[in-house]
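Below, each chain spelled out in residue letters.
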Amino acid sequence: MDLLPSRDQLELTAAAAEFFSEQVPIAGIRARRDEPASLDTKTWLAGAELGLLGLSAPEEVGGSGLGLDDEALVFREIGRALAPGPFLGTVLGARLAVLAGRPDLAASMVDGRTAVALAELRDGSVGPEGLGGRLDVLDPEGSTYVLVLGEDGAALVETAALGDLEPLAGIDPGTRLASATVGAASAACWLPADQEPLRLRALVLASAMLVGIAEAVRDQASDHAKNRVQFGRPIGVNQAIKHRCADMAVAAEAALSQTMFGAVALQSGRADREFQVLAARIVSSRAALDGASANIQIHGGMGYTYEHDAHLYLKRAQVLDHLFLQRTDALGGLLAQAAAQ
Amino acid sequence: MDLLPSRDQLELTAAAAEFFSEQVPIAGIRARRDEPASLDTKTWLAGAELGLLGLSAPEEVGGSGLGLDDEALVFREIGRALAPGPFLGTVLGARLAVLAGRPDLAASMVDGRTAVALAELRDGSVGPEGLGGRLDVLDPEGSTYVLVLGEDGAALVETAALGDLEPLAGIDPGTRLASATVGAASAACWLPADQEPLRLRALVLASAMLVGIAEAVRDQASDHAKNRVQFGRPIGVNQAIKHRCADMAVAAEAALSQTMFGAVALQSGRADREFQVLAARIVSSRAALDGASANIQIHGGMGYTYEHDAHLYLKRAQVLDHLFLQRTDALGGLLAQAAAQ
Amino acid sequence: MDLDFSPEQVQFREEVRTWLTEHVPREQRPEEPAGMREFDLGWQRTQWEGGWAGIAWPEQYGGRGLTLVQQLIWYEEYARTGLPGIDANFVGLSHAGPTLMTRATEEQKAFHLPRILRGDVVWCQGFSEPGAGSDLAALSTRAVIDGDELVVTGQKIWTSFANIADHQELLVRTTRGDSKHHGITWVICDMNSPGIDVRPIETIEGGAEFCEVFYDEVRIPLENVVGGVDDGWRVAMSTLSFERGTAFTANQVRLADTVEKLIDTAREHPGPDGRRPAIEDDEIARRLATARAEVAALRAMTYAGVCRNLRTDTPGPEGSMLKLYYAEVAKEVGRLAMDVIGPDALRLVSRWAPGGGWTGNYFYSFSQSIGGGTSEIQRNIIGDRVLGLPR
Amino acid sequence: MDLDFSPEQVQFREEVRTWLTEHVPREQRPEEPAGMREFDLGWQRTQWEGGWAGIAWPEQYGGRGLTLVQQLIWYEEYARTGLPGIDANFVGLSHAGPTLMTRATEEQKAFHLPRILRGDVVWCQGFSEPGAGSDLAALSTRAVIDGDELVVTGQKIWTSFANIADHQELLVRTTRGDSKHHGITWVICDMNSPGIDVRPIETIEGGAEFCEVFYDEVRIPLENVVGGVDDGWRVAMSTLSFERGTAFTANQVRLADTVEKLIDTAREHPGPDGRRPAIEDDEIARRLATARAEVAALRAMTYAGVCRNLRTDTPGPEGSMLKLYYAEVAKEVGRLAMDVIGPDALRLVSRWAPGGGWTGNYFYSFSQSIGGGTSEIQRNIIGDRVLGLPR
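Sequences listed follow chains A, B, C and D, in order. Heads up: the first sequence is residues 1 to 341, going by the numbering used here. Heads up: the second sequence is residues 1001 to 1341, going by the numbering used here. Heads up: the third sequence is residues 2001 to 2391, going by the numbering used here. Heads up: the fourth sequence is residues 3001 to 3391, going by the numbering used here.
All the pointers check out, no bait thrown in.
Anything over 12 Å on all C-beta distances counts as not near chain A; from chain C, calculated:
no., residue
1, 2010
2, 2111
3, 2145
4, 2148
5, 2163
6, 2238
7, 2265
8, 2317
The list that follows gives simulated cross-link-like pairs (lysine to aspartate or glutamate, DMTMM-like), each with its CA atoms no further than 20 Å apart:
no., chain 1, residue 1, chain 2, residue 2
9, C, 2261, C, 2344
10, D, 3331, B, 1290
11, C, 2331, A, 290
12, A, 226, D, 3384
13, D, 3180, D, 3230
14, B, 1226, C, 2384
15, A, 226, C, 2135
16, B, 1226, D, 3135
17, D, 3261, A, 272
These are computed hints drawn from the structure, not numbers from a lab. Built from N, CA and C at the ideal position, the CB exists for glycine as well.
Just need the whole structure built from these sequences, with the hints factored in.
Okay, here's the thing in structure tokens:
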């Protein structure tokens, strides 16, 4: 029984963190706000080169064959760095392609040539025969496929098959948003839910990103509390600030522990894996949203400016909070489970 | 437009407050915890003598002919003092008797000879023909009637007609609780809801008591924060304490203002009276429950002892929170109203 | 107690309502600064001509000399028209004007007050600095006396409408001594003076509501000082307590309106289960009802506060209670709306968009517990001054 | 990472489970003190005889010398039997025992530790005083050295089981100097000494969980001092951080069990609308699910904490995170239950009643954020020691 990162895992996450802080600084989100793509191709390919897209993919398709725990730890860094770009869709897409018997496709995703955007079904349905309905698409620019999760399974559908995308103003300057209405589009790959619970895997990775955000805002707020002086003392001496930082720390710690628990539970096929993953999503969403909100308040006026990073954490957390499963559905789903093992 | 107490009203409430603090000290609740009645007859009659039971009753039945605002201000003092005894039932019962054409009965309530207990219908129904079902009865000892509020109106039913009451352990040492199951009991008086919205009046008085509790715990917590020294300073210097007291003060102020607004709105027959009264109940319940809970925490270990008064405020607030209307029904009812005037 | 307005007050409300219906600007308020300035000043001038400027201002300064109740009625009716705030005229009418009335010389009053009421000029406020937020008295923008002028160098922040203002109520440090409250001077700064540089600040909601103002040896005549050199803290404090008076009413009425609009949205928008309207969700329904109750209580508190002011004539720290309660309710309404709209929460819609935008409103709501004194500062004030807790 | 216990650990759990099934006391725990003492000590003796006393205690002190993982497994399985806490044995096993191991002389250890494990004696704690709650070091119970004895006069409070205890870990002030942390002495007090008066304190939940202890010139041999006269603060601190280690696991498992029981209650009890079961109410359902998620996270945090302890061997301030999170979840569960049962909230039912009592549990839940260090103190510790914020 071990819930702490191994030495290898610490090295892996340090490398990922270094890549993001050097190649994908948060300020880049503001700089690129009017670009069609939230991340430039060069950086995307550099990330692929570093192996970020194939951590859990088998070696046959160019992956590293690591576990979901490793991947979750790296997605925590993606969340912490607020790295934009279709990491989530592409990593999940590669797994789908592998399990659906399309190693060629998976390989082109792992090496970064083929990007997969996320599409959330707002209305309609998806199945082995294809997709129809209304969708919200995240970061479609440059993607070859979109990943759509349905009740019965997950599909990869060609982005081109969605027809004209209507760009929308999204809340997160680091996530492009578009809307699509599709009559009928065929699925390039289909993975039935009873073969692999891809939604749970997606939730683990989203939870890990939320954990990274919760930790980042805890640290940003604490740093500010140490350095910002008002009334002759750092504001962190005030319990209104200190206790709020403490609450952020506790929520982040709970979210991290539960998310790793969920990752391992899913990976090891525990009977209560769905329980544990849903619980992870619930506590990590709360930690990130509450923490990001508190961080804005702690920064006062500065936290309300576009120039500061504080709002970017909140906005990304809001986006993640709506991915793969609405919060109320996660709660309903958790209550429907048998008690934890 | 005036929402502040007049000089007369200040005098009236000062007299009531003095009576309660001298004749009905909170410590008496602990002292009488094993007595059948929560208040002794002598004190009850002294209260009647002072006119507390007939504030809004017409002079013909021995009342003072004052308004609901006056009565609400006095019930705020009853709440603040945690005074036990069937004040609420008897005052409402007297109004019911007056409006139902039984001034004789009303007169005997106003002068304290006839006490009216509150009965909450848990299951069953009440109408002009009478009452049947399961009831919770509050402070039945010594009462001649119970007051039952139904959807269509309010009834006075003889306590004796309820048959054997089963005494229950209640949460509030200052409120006796019993259960009754009634096949059919006739109503001594019946007041249709379309003639007089007695439930709204009951809610105003209960809200006023909740306001008194919210103010009492605000004051008790603030006093403690000023006097309790830890780490060499009064604990009130700590924002964890100070800000909590501030929140209590704001909630109490909001509850007081809205309750008086509701009282006047009901009294003057404003079109939005139900809206305003339900809003009063909602904010005053929250102020009292949250405030009483915070007060226990601020008192630390002492607040967790039976010997301290802190728990008595919480327990009374819980009882009041369940009277006449469940909180969720108050919220549902408020949402069903048209917007405020 | 009663909720009845006197026949005169009822008639006053009728007049206000009629006049507003006839005179409220029909055209859209321009978003670019010059047009916005023209719009706001023009509208103020219309009010002035109609006799509605400075309802509770003393007659000697061109006001109507009526009570706070009439002022309250005006703000209620004004907010009900759905117009935005009093915006570019806010500082002049609600901060600078009242300060001048209390502390300025007759000459200063005679010059400035009529111009404010008539809509001739826009005022802005220069109090906060990057290093002096909650701790306002820590301000360090320096002013040196040179002959009959102050020479000002430094920086201010969070200045609304600095880009279109004519005058600024400016706090500067003239003496650096032992007490940070001593040595501050309150001075009227001409925003067209050489050496002033104004830069807009973009907010998290989008758009530029505030500016930074930089001062590089800006020369201000000493005769523009109000209340005496080094005595500006006392002058500024009189403004701050006025700020939390009835001027706040319009915000509240607008919040009540937002809650009602959100209830309407919840009736139409699919709820969390994707089938029933959001309002049929038990949790959402209860939170909507709670917001309704709290907004009602906010109004009741305001009324009680006005009554208290009528009796005592000195606005107390109770204004902080209103401000705090308002901010917390506004933030909860912001969050609640995000839950009502579900996955639509990903779409950014400006709160000024026709039909209202809930995501824009959500981000905007974060400013409510920061601007005009953070909720933490309000809790300090309530703890210290209302409850008398030790510092 | 993995959640798999080693084959030895799995086997250990099996053994624990089997043994507990066979040996758990069937009779009701008596409520009167003498019977309760006999029950608790008898049950500890049974565990000792079965080889389950002091699982993570070093072998040299009669323990099993196993790791915290086994200790965790024991607590998990123990709590699953539905037995109450380790109660009268708690202070001996989880506070006093570990302190003696770290700080006592070989003689003291040899005398006391086996007696604790064998269930020969009950220990209680004498730390808090009426004037020294959160500020423990402000304690003023005085001890004067007289020959080879300490003479103790003063008062302690919140002492569980003082009425049935044999020994007490007692903090007294031997020197009053500049530093309040210096001059405190940790001493073993014989609870049968003349001059000790024990009075029960009734709680808001009903029943007397705590006692006040009064000392009137109580004579304690100096050889009972642990860690040196005046050096008791350091001794006490080692106990306090142990307190927030695995001993806490049983509470958590019990809280998880409470949440599951509440879910069962919500399936059966009518909800707020009086028609559907409470669990079909959207708000109640979400709060139940949130509680489930948080209790799961509490376990995950505990596991992560045990893993950290295995690596570093020094329990850090992270224990305060667990304690705080636990307390806040427990309080929310207490409130939630009141909403689940609706108007039944007026009936007082002890949480020890067969089937469980939600009103009793609600009042009890208030103690969770007070006892063992208030939630405010935990937040201070987390802010100061985990986040390094300025004091």
